[in-house]
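Colleague: Make a model of the complete structure from these sequences and hints.
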Amino acid sequence: MSSENTQHQARLLPGKPVADAVFAELAPRIEALVAAGHRPGLGTILVGEDSASAGYIRMKMDRAAELGFTSPHVHLPQSATQADVLAAITDMNDADDVDAVLLQHPTPPQIDFDAALLALDPDKDVDGLHPVNMGRLALGMPGPVPCTPAGIETLLAHYEIPVAGREVCILGRGTTLGRPLALLLSQKRDTANAAVTVVHTGVPDWPAYTRRAEIVIAAAGVPGILQPEHLTPGVTVVGGGVRYEGRKLLPDVDESCEQVAGAITPRVGGVGPTTIAMLFRNAVEAAERRRA
Numbered sequence: 001m002s003s004e005n006t007q008h009q010a011r012l013l014p015g016k017p018v019a020d021a022v023f024a025e026l027a028p029r030i031e032a033l034v035a036a037g038h039r040p041g042l043g044t045i046l047v048g049e050d051s052a053s054a055g056y057i058r059m060k061m062d063r064a065a066e067l068g069f070t071s072p073h074v075h076l077p078q079s080a081t082q083a084d085v086l087a088a089i090t091d092m093n094d095a096d097d098v099d100a101v102l103l104q105h106p107t108p109p110q111i112d113f114d115a116a117l118l119a120l121d122p123d124k125d126v127d128g129l130h131p132v133n134m135g136r137l138a139l140g141m142p143g144p145v146p147c148t149p150a151g152i153e154t155l156l157a158h159y160e161i162p163v164a165g166r167e168v169c170i171l172g173r174g175t176t177l178g179r180p181l182a183l184l185l186s187q188k189r190d191t192a193n194a195a196v197t198v199v200h201t202g203v204p205d206w207p208a209y210t211r212r213a214e215i216v217i218a219a220a221g222v223p224g225i226l227q228p229e230h231l232t233p234g235v236t237v238v239g240g241g242v243r244y245e246g247r248k249l250l251p252d253v254d255e256s257c258e259q260v261a262g263a264i265t266p267r268v269g270g271v272g273p274t275t276i277a278m279l280f281r282n283a284v285e286a287a288e289r290r291r292a
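Reminder that position 250 of the sequence shown reads as 250 in our numbering, one-by-one numbering, no gaps.
To be clear, the hints were calculated from the coordinates, so they are not data collected in a lab. Yeah, the Cβ is synthetic: ideal placement off N, Cα and C, and Gly gets one too. Just so you know, not all the hints are guaranteed correct.
[Claimed, not checked] Derived Cβ-Cβ restraints for the label pairs, each shown as a range:
1. Ala65 <-> His200: 37 to 43 Å
2. Ala65 <-> Pro14: 35 to 41 Å
3. His200 <-> Lys16: 17 to 23 Å
4. His200 <-> Arg11: 23 to 29 Å
5. Pro204 <-> Ser256: 30 to 36 Å
6. Gly37 <-> Gly135: 29 to 35 Å
7. Arg243 <-> Asn93: 21 to 27 Å
Modeller: Pasting the structure below:
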């Protein structure tokens with residue numbers, strides 16, 4: 001039995017090939033917008049001096065340049081007030097050359113991020129987290145979709161992992177991942193249409209649900225919460241939740257889950273690249289809607 005366990009190798013589901021396919025699909029759409037006289041624009045707002053946040057913004061601006069976007073950027077100091085942030089958002093809302101806006105999270109403690117998000121034009125909300133867009137998602141209406149949930153659906157579809165009619169268990173109920181992902185995967189669509197169960201650490205026997213599922217998506221933000229004994233052999237496992245300890249990435253899915261899973265996202269380079277790809281897909285769709 002032990003030799004079989006050591007020989008078992010789960011199929012890896014890296015995010016980069018998925019992201020590459022999305023960017024390849026977006027390229028002609030961007031070219032069509034430019035040919036029609038409109039270069040898509042992704043505006044970014046960074047408040048404070050958090051080095052990780054600055055790195056994320058830099059990466060997104062570099063990708064925007066590669067794709068042919070304009071990328072207006074506002075960097076407010078650590079001492080910025082709520083009024084400063086709201087003024088920057090208003091400018092982005094009103095700018096005709098900005099189709100989508102990213103307000104980088106986290107913000108300094110004196111900034112009410114939720115209030116700032118409410119001030120953002122929902123049609124320019126590239127993260128899909130504005131309450132209007134969460135409502136659109138719940139009602140199945142078109143609009144920006146939260147990027148990590150959309151990336152997970154796209155990843156499963158790319159690797160031809162059946163979702164429709166299958167049992168999916170999401171471990172975590174957060175507003176950026178678990179909750180919108182449950183809405184997304186339960187919708188009537190070829191790449192969704194699943195029987196979705198959402199569990200969390202407030203459910204004492206949550207492993208009973210993950211062991212029953214054919215697809216388990218960890219979205220708790222609790223390092224190592226998902227262990228091999230919580231899974232049925234052959235299950236598909238997607239690691240969506242992470243926490244950082246300094247610069248060290250601590251995923252929800254323990255690496256030993258590879259010994260049980262039939263398919264699994266890698267510890268690094270799984271859902272991350274697909275999240276970035278979905279952000280730019282949201283931005284392109286926002287540009288297309290505004291120019292229609």
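Colleague: Against this structure, judge whether each hint is valid.
Modeller: Here is what the structure says about each hint:
no. : hint                          : result
1   : Ala65 <-> His200: 37 to 43 Å  : holds (40 Å)
2   : Ala65 <-> Pro14: 35 to 41 Å   : violated (24 Å)
3   : His200 <-> Lys16: 17 to 23 Å  : violated (30 Å)
4   : His200 <-> Arg11: 23 to 29 Å  : holds (28 Å)
5   : Pro204 <-> Ser256: 30 to 36 Å : violated (23 Å)
6   : Gly37 <-> Gly135: 29 to 35 Å  : holds (33 Å)
7   : Arg243 <-> Asn93: 21 to 27 Å  : violated (32 Å)
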